[in-house]
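First to last, the protein sequences are chains A and B. Read in order, the letters of the first sequence are residues 1 to 322 in this note's numbering. Read in order, the letters of the second sequence are residues 1001 to 1345 in this note's numbering.
Note that these hints are calculated values from the structure, not bench results. From the three backbone atoms N, C-alpha and C, an ideal C-beta is built for every residue, glycine too. Any given hint might turn out to be false.
Claimed, not checked - Residues from chain A shown here face chain B by an in silico Cβ test under 7 Å; the list is partial:
| hint | residue |
| --- | --- |
| 1 | 15 |
| 2 | 26 |
| 3 | 29 |
| 4 | 86 |
| 5 | 142 |
| 6 | 143 |
| 7 | 144 |
| 8 | 145 |
| 9 | 147 |
| 10 | 151 |
| 11 | 263 |
| 12 | 264 |
| 13 | 282 |
| 14 | 295 |
| 15 | 298 |
| 16 | 302 |
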Amino acid sequence: MLRFIVKRFASALLVMFAISVLVFLIFFATPGVDPAARIAGRNADPATLAQVRHSFGLDRPMPIRYLLMMRHLLIDRDLESFVNRGSRVIPQIVQATPVTLSLVIGAALIWMAAGIIMGTAAAALRGKAADPLIMLVGVVGVSLPAYWLGEVVNLITQKQLHSSVFSWVPPPGYVDLSHDPGQWALHLLFPWLTLALLYAGIYARLLRGEVVTALNEDYVRTARAKGLSERRILIRHALRCSLIPIVSLFGLDFGALVGGAALLTEVVFGLPGIGKLTFDALQNLDLPVIMGTVLYAAFFVVLANALVDILYARLDPRARHA
Amino acid sequence: MGQVSTAAPELATVEARRPPGPWRTAGADLLHNRSALAAAVVLFLVVLATLCAPLYAHHVAHTDPFQSHVSGSTVADGKTVPVLTPSSTGLGLGVTPIGPTWDPAHYFLGADNQGRDVMARLLYGGRTSLFIGFTAALLTCALGTVVGVVAGYAGGVVDAVISRVLDVIWAFPVYLLAICLSVVLLTDGLHLGPLTVEAGSLWLPVAIIAAIYVPYIARPLRGQVLVLRNKEYIQAAIGSGAPTVRILRREVLPNVLPTAIVFVPLMTALAMLTESALSFLSVGVQPPDASWGTIIEDGLGLLYTRPAVTIAPGLLIALTTAALNVLGDGVRDALDPGARLRGGV
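Chain B on its own, in the form it takes in the complex:
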């Protein structure tokens, strides 16, 4: 979708009748897609709710979701009750936290086994999950585009080396690679030249997730660029002595950008699912930070007594990723580059 030159004077005078550009057409298509719009509204509400996390914690629930309240008490049904009750069965080591009270001011969804307000943690955890999902997806798409374009355009040795590296990452089951990297990097963080990521930082899962999905973007884009490179207008640009950077920026990039954009919502969904799985296996987001995955893990010990702790974050992940997938399908239909994402586990 390179810029069409309208240099001829008689064409310039009929400016008003020029058809809308591809981006505007795609935007209009998306606005007429009801399910995509509904998905966008759902996403907006989820993001808005997580942005209101401090508001809820400080002014409604009056609690610090990162501080344990082991010996605290709260009000349920007009009575003062302890947040944690020592469990009467078993060896006496376990505790049963208060269940959902459905009262926003007092443990709306109950507490976890450290007496922390699950609702407030959900809102804060959502910020983490959305942040990691979205940043990792943007990074993957940016990196994948650069790698794919360079490999496809340069060809020869550069392409061969990049393609083999992508093959190796591709041949690793994604979750195994992500867990391998997480286990190793969690001990001492990531040190890559001047770049340092601390072990407990949220950027660590972002970097890992972004890296493992690069082949998913780079491979299809490389294929597109290989085809583009033989098109007459690119050959003409090369022949007219245009600098490579200019050809890449003005001719190649505008053509592959729709594919990269289509991947962003789908990749965000995939990255959020990956983050939650890593956190569930306790190699993702590290305490004191919380994400929807870590809350599910916290709830595992309480699964049979206080299932809300596990069910609520899972439902939120499912809702958000479903909305992202529907929105992604809408964006794909609007831009229609025929891209297809391989499913993860």
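Bound conformation, chain A alone:
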């Protein structure tokens, strides 16, 4: 088992290295893309361009540039943004992290609770009218564009019904948890619900399938033969086994969201999280910030992948040899 864990983490490190090289190549080796031209602004003369290239180290050979950037990012931890001179990358990420964590943890709690309740209910009521109805909610969840849903929520809570039902909804933005917990929750309530709606449906659909399969297993028949109540069978036997694939999917989704995949939700609700930071940096071709945030995102995704694999290997020894 220990060997498996070590091997798994070694390959995770390799993937992260490959991602950093890939990002670097996307922004430095794509023909026609010149970060110096972006920094110098429109209509910069060749002399200015050359000066910008030199002062940002863009005239050095590619591998040296890569190594320098990684050294400043990971070892000296003083990598600076190209666009906002003097502003360091790591403090920006550190500042954005609690915003993204607040959004994602709250939304995850809601979608897991809703997904488990809806999925189990649909499985228990299979064949009845409520089952397709619950599953319809699932289809709607995966079919809505995240940013559009956010805009519509903004429209309803900030304008259409703001004078009546939603007068208590604050304008989009973020308030720090340590500053005012009440305002923090109030500002995040609709972002949480919006993000959760997109995931709850997928989880409910997946869980329904797993529970229905489990209910046909021999151990459930044994439990029935012992005279256990249907409710106990459903919750203690069928649901428990069905949660394993859900938990592993949750690991992957959570990792990606913490790494900035909630970008659209953050942009629409004006939350200054990792996703928003990445997006702003991308629009300015601010490579140091992009490098920092993408590696940060990849770290969480790769970590989540590795943890899920290790969890599987722990539960099922055959997976160690796959």
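Add chain B to chain A, keeping to what the hints say.
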């Protein structure tokens, strides 16, 4: 589902009683699936409506949806009104376009802030969104199948290299990778050897979306091929000296094709959502082209005054992707390869 040989003469004579093939069974299943049929009808209507875009623009609304009509006027409730009214609040820079008139001939859904007919733009934008979604999905499924089959069948170094590359793409949050590629390629287009895609071309988002989702198809297919490779009939084909290409074409491909086909409608939905998100962030479809995503972006500034500009394209995206997802579930139930798609944001 390789071809079953019916070489024995006594079997050939009872041809009439041979059970229908897997494709025909799946087709019959799909035809009996009411929700999948309803979804197919919805999709057909959406596609038909977008195909009628020029008809609507030229013969009903008499407008050019790609030309701004800043100083134009139109008829609403029998009165002539300007298409754009300077806004009375704020700094006087904004304009309020005409709202929905519900009259197909005169700005049915109102105008955007350049005075363009939103309904006509929706129909044209739908063409773009559907085109990108469908082509990207087909490309992803084709590429993913080739990559997955090659990796799974070849094994060894080839498999190791392909699998690691897929791992790297997989570890990137999809939207981040798509935005990274779009931002970079929008400056100068894509130049890959003899292949050139202009920066403003619709093929650019198609190529980007197709590339980022390849691991979603290639990984499950590689797994299937790994299992298939050890089956007796494939070992027998290898043993009898059949050329590799023939084995891949006759024995491997027919077995993995249902999985690839199941992915097409689900992938189209995913690709359409991705395209709309990229366009919304203004790194997808570029003007003068319009897509449902760019129309939503156009409507953002008008969200509180003319919400129809934002709401209508969003509803169409939701309707189309929901129909594709329901149809995809139907196709999956009919072909049942146990495939499952990881959800995007």
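Given residue 86(A) as an interface hint, is its Cβ closer than 7 Å to any Cβ of chain B? Violated. Min distance 24 Å.
Closest C-beta approach of residue 144(A) to chain B relative to 7 Å, hint status: 5 Å, holds
Supplied contact hint for residue 302(A), tested at 7 Å Cβ to chain B: 5 Å, holds
Taking 7 Å as the limit, does the beta-carbon of residue 15(A) come near enough to a beta-carbon in chain B? 5 Å, holds
Per-residue hint verdict: residue 145(A), partner chain B, C-beta under 7 Å: 5 Å, holds
Are residue 264(A) and chain B close enough, Cβ to Cβ, to be under 7 Å, as the hint says? 6 Å, holds
Does the nearest C-beta of chain B fall within a distance shorter than 7 Å of the C-beta of residue 263(A)? 6 Å, holds
Interface hint status, residue 26(A) versus chain B (Cβ within 7 Å): Given a least distance of 6 Å, the restraint on residue 26(A) holds.
Would the stated hint for residue 142(A) survive a check requiring a Cβ distance to chain B of less than 7 Å? Check passed: Cβ of residue 142(A) comes within 6 Å of chain B, closer than 7 Å.
Measuring from the C-beta of residue 147(A) to each C-beta in chain B, is the shortest one below 7 Å? 5 Å, holds
Verify the interface restraint on residue 295(A): the C-beta must sit less than 7 Å from at least one C-beta of chain B. Hint on residue 295(A): violated, closest Cβ of chain B at ~11 Å, above 7 Å.
With chain B as the partner, please determine if residue 143(A) meets the hint condition of a C-beta pair closer than 7 Å. 4 Å, holds
Violated hints, listed in ascending order, are 3, 4, 14; each of the other numbered hints is respected by the structure.
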